[in-house]
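Chemist: Residue numbers (the working numbering), protein chains in the order written: chain W, 1 to 318; chain C, 1 to 621; chain L, 1 to 315.
To be clear, the hints were calculated from the coordinates, so they are not data collected in a lab. Don't take every hint at face value.
[Claimed, not checked] In silico DSSO-like links for lysine-lysine, alpha-carbon gap of 27 Å or less: (1) K605/C / K330/C; (2) K7/L / K16/W; (3) K130/L / K6/C; (4) K7/L / K276/W; (5) K330/C / K105/W; (6) K236/W / K551/C.
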Amino acid sequence: MPALKVDNLAKTFTLKKPLFGAAPAGVRAVRPMSFQVETGETLGVVGESGCGKSTLARMLVGLLDASEGTIEIEGKALDNADPAKFGKLIQYVFQDPNSSLNPRKTIRQVMEAPLKRLYRMPRSEREARVSQIFASVNLREEFLERYPHEFSGGQAQRIGIARALAANPRIIVLDEPVSALDVSVQAQVLNLLADLKTEFGLTYLFITHDLAVVEAVSDRIMVLYFGSVVEIGDAKRIFANPRHPYTKLLAESAPVVGRPLTAPEQKGTELPDPLKPPPGCAFAGRCPNATDLCRTQEPELEPVGEDQLAACHHPIQD
Amino acid sequence: MTAFLKLLFRNRLAALGAVVLSVILILVLLTPVLPLQNPDITATADRFQKPFTEGHLLGTDHLGRDLLSRLLHGTRLSLAVGIAAALIAATIGSAIGIVAGYFGGRADNIIMRGVDMLMAFPYILLALAIVAALGPGLMNALIAVAAVNVPFFARNIRGITVGLAGREFIDAARLAGMGHIRIILTELLPNVLPVIIIAMSTTVGWMILETAGLSFLGLGSQPPQADLGSMLGEARSALISHPHTSVVPGIMIFLIVMSINLLGDGVRDALDPRLRSGALSRPRAMTLVERKGEVPAPTDDLLAIQDLQTQFHVGGRVYRAVGGVSLSVKQGECLGVIGESGSGKSVTALSVMGLVASPPGVITGGAVRFQGEDLIGASYESLRQKRGDRVAYIFQDPLSTLHPLYRVGRQLSEAIQSHHDIPKADAQARAVQLLRDVRIPNAEARVDNYPHELSGGMRQRVGIAMALANEPDVIIADEPTTALDVTVQAQILSLLDDLRRERGLAIIFITHDFGVVAQLCDRIAVMYAGRIVEEGPTSSVLEAPAHPYTKRLIACVPELGGGQRELAAIPGLPPLVDDLPPGCAFAPRCEKAQDTCRTSEVMLKGDTSRAVRCHYPEEAV
Amino acid sequence: MGGYIVKRLISAVPVLLGITIIVFLIMSLIPGDPATAILGSYATPENVEKLNRDLGLDKPVITRYFIWITNMLTGDFGRSYSLNRPVIDEVLERFNATLILAGTAFVLCSVLGILAGVISAARQYGVADKIITFVVLIGISVPSFFLGMMMILLFAVNLRWLPVSGMYAIYGGGDLPDLLRHLIMPALALAAVATGVIARLSRSAMLEVLRQDFIRTARAKGVPERRVIMGHALRAAMVSIIPVLGIQAGFVLSGAVYIEIVFQWPGVGRMLVDAILKRDLLLVQGGVVFVAACYVLFNIAVDVAQSLLDPRIKT
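Construct all of the structure, not just a fragment, from the sequences and the given hints.
Modeler: Here you go:
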């Protein structure tokens, strides 16, 4: 049984109806997508701004109602958007560690909230549990009586992770957890996440825009473009051996020490307009191999090679 | 709380307001026990006595009533009614605002439509209509003033709540299993409360004025009872013959309102963290220079930063953001400056043309020489003439660095016309050419766009075009691709690389990304805690880093193609630049550190091509 | 652009309807029988009944509202019993006087306020800033009616420079110079508070804008400081100043009520206060709705000005 099973999950944001005329179609932030995450696995999700990765994350933890589709966690369907119900099974670590802590609450109050609200734990038990978690994330207990503004970004992010752990979830969605941190601190947090995963037997969904980071932490990687999954594959191979031209473009664009500077695409290409989505493949306008088929028909996610899936009419072959 | 009061009373005007207001409040509270005459007893024989007459310190009014007694009783009434109105308006208005702002959607829409409707009235019309319906009287005036102010609070608090409700800690509270009511009461309210207090302290003066105003019109308190407004209203007919009856209550209203305003401003400044430490002060046209010590001698580099020291003076603290940095570029050379946040790399870059915001920034030492001429000691006008003309900048976030209300063409042509006296049409034509140079498709149409109409990548191209406008000798690029997506970043980097080779530009490229410097720069300098710790040709620094910090920082960065793995991390945090350790700033985090590292100053050793600031370098330089 | 104006005008319709409903509801709150209130408690039952019929008060509330509003659309605001003339005639005549007073004050406070704010911000902590801050503090703390009275004492009674009150001299007046002489004091007294508020806001808006990244960009490209402040910064600051001008216009209109009383200015505010004291409710109703409607239209003009300034507002 997979830890997380997502079936045809989609989100369309409706637009305000204008004074005259019919309501517009709405922005399809996440187009129907299906995927699974096995227990103990880390699924990396990469994509550039506007690809729908944050919308997806917020739906998974119940902060946003899905327009269609279902979410199953360890076989249990969760389709009502009550974050408290989700909370015990799936938790969220936010991108901006400082904004995710209430500036007027002590860290202890922050840490105890899920224990009180989700588990109705008595005081003594709460204290023991908080100490235990704090030890796991290498934070000193004296921090508990302080306020969020006294912490650096890296410390605040550890507190954010500790809070997510306090709810004792099966899955943690990590939404750009290290993007706001400096590289030296980023490595500390990434290593901590790896240790915690083994310690607590967690399953991760790791969302980021940084290819090198996602490759370093993931088992499998899912690439999003314009609200759709364009490719899923093994983390070890997907960037070295991409099947979708967009994945290839991403991999070639990442600055790498020792690789000469080349612009992988010279056209002044822009992302498609979400208000006027193009027919067919959304990447067709930027794709060097696009044909008429691509411009008219939306490609399905299909297996290419042994363990990779790509949504492309003309996947890159070996 | 004590910190708040300390902060409040450090503001002398606020303290003055507090003193005046306390005196008035004490007098007013003591009024019933003071030996005063009955304020309502008339004695027509004694009418219009001048102030300081026997038995009537402030004189008497048109019915011979003692003015001092009436003044104190009137003040009591005015204050009570004004404060009551403020409390009622604040409570109801804030409750409406919080509910509308938190729940959003339809409830918000309906509530805010109603509020807009009420705010479509000039406030007095609504108050007059209410008083007209309920009849004149002090209680009705109170209701009218409170009702009129409810929409102001509702709208103000709603705005704050919407901002807070979108913050991640509210989402986190929902995931922790909190219900809506609990979130509103324990997460939102503590954060909104200071704003409510600020709004109240800045409007209570107004409400006292408004109730006094209604009484002045004869629609508030009714005779014989008098508040300050009705005293003034009654005295008006004798204004010319006996001005003191008007002046006395008028000055009292003025004193009350002014002291409340002073105190209210103080409360706002003390509670609003943005205003603390003088954050809202105007940055000067150029960074303040308070240079001590000798100015280094000129060199023959195109641009040389020599032992530059830039500090931030905040309150009593001194942050040594840049602690003696020397760098130089030659024509056509690209120098990368790399460091983590707080390392001083951006401040170094901004110091070159005096663009560090001041206050709080101060350049306290060193020199910046462009073709030998010292820019730090230069006059504003000679610096301005070089800004954008000889040395140009590209900044990080092109959305906030371009003016939102000017068309991009105008922003480009302005850059040219600030330095060259050419006709507008020529400047505009040049702007189009510049957009073409940075490979913006359809440049003729794009010059008429506003920045918000362009994508992030296009905006940064405009930023680059602006830097190129006057064909400068040096471009300083401060994290120009950090805000961009990786595919766009690749395009911008390759554009910059092409341009510098075509035009022989010198570039100082500030970044935190090793991949980017490796691809673009000839030489790099690594900064840590306001100093350069290592400098040298790119390949040599990246392949054989000499400083332990450089070596370990490179190891931290995951590299594409490395697969799933444990990353090397540097324990601890960079030091704060207002509290630097003696000796090497990296020593507390360095596993090779010896006692000498912790005690004695470490100098940058080596020559201009390869140098390191370490007693025990990883590689000999 | 034209489309935007039309859109804003259409969106004003529900606001105007809302205003009439609010005014009507408030007026229906009146305790007791309005006819008795008007005629006094000694009126004969026949007279009361007749007045009730004349005012349409014998009909249900909703019917009365629709009759009132359809009549207003044809320009019939009813008849003022205390003045014995059509409400609309009186309101138009009085509103004209108010417009002269409030319009002058509004122009004064906008120009002086923004100017003072910009100077204050540009010379932060300098002598000019301190003087302006001090004057502004006094300006926003003095009740306008008291300020008006003190001005009368000083300029009219003691110095005899200006007339004490009224809009025109009783004998031999009526021309423009005469109007201006009468206008100076009330307009200044009325503008004082709003000038202070606008000056404060302009100062903080300028300081806020001067810290923005695009100001650094302007300086980095060598734009002279004068243009940075009067061009780049002021233009961006106007985005937050203009809406406040709209709000302050409402305050000026409100303050006009006091000033008209103090200076015996024959405006709509004085008319309203008289009408309230005489319980002439149709006159109050008509006056309030008329002035509120004008204010709504004025605010649409403010929004249009804002959209001209700020291209980010969708037109």
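Chemist: Against this structure, judge whether each hint is valid.
Modeler: Results of checking the hints against the structure:
In summary, the hint linking K605/C to K330/C is supported, as the alpha carbons are separated by about 21 Å, within the 27 Å threshold. Between K7/L and K16/W, the direct Cα distance comes to roughly 15 Å. Compliance with the 27 Å bound is thereby established for this hinted pair. Note on K130/L and K6/C: the hinted pairing holds, with a Cα-Cα distance of about 23 Å set against a maximum of 27 Å. Distance check on the hinted pair: K7/L and K276/W sit about 24 Å apart at the alpha-carbon level, within 27 Å; holds.
With a C-alpha separation of about 53 Å, the suggested pair K330/C and K105/W falls outside the 27 Å cut-off, and the hint is violated. Pair hint K236/W plus K551/C holds up; C-alpha atoms about 26 Å apart against a cutoff of 27 Å.
Violated hints amount to a single one, hint 5; each of the other numbered hints is respected by the structure.
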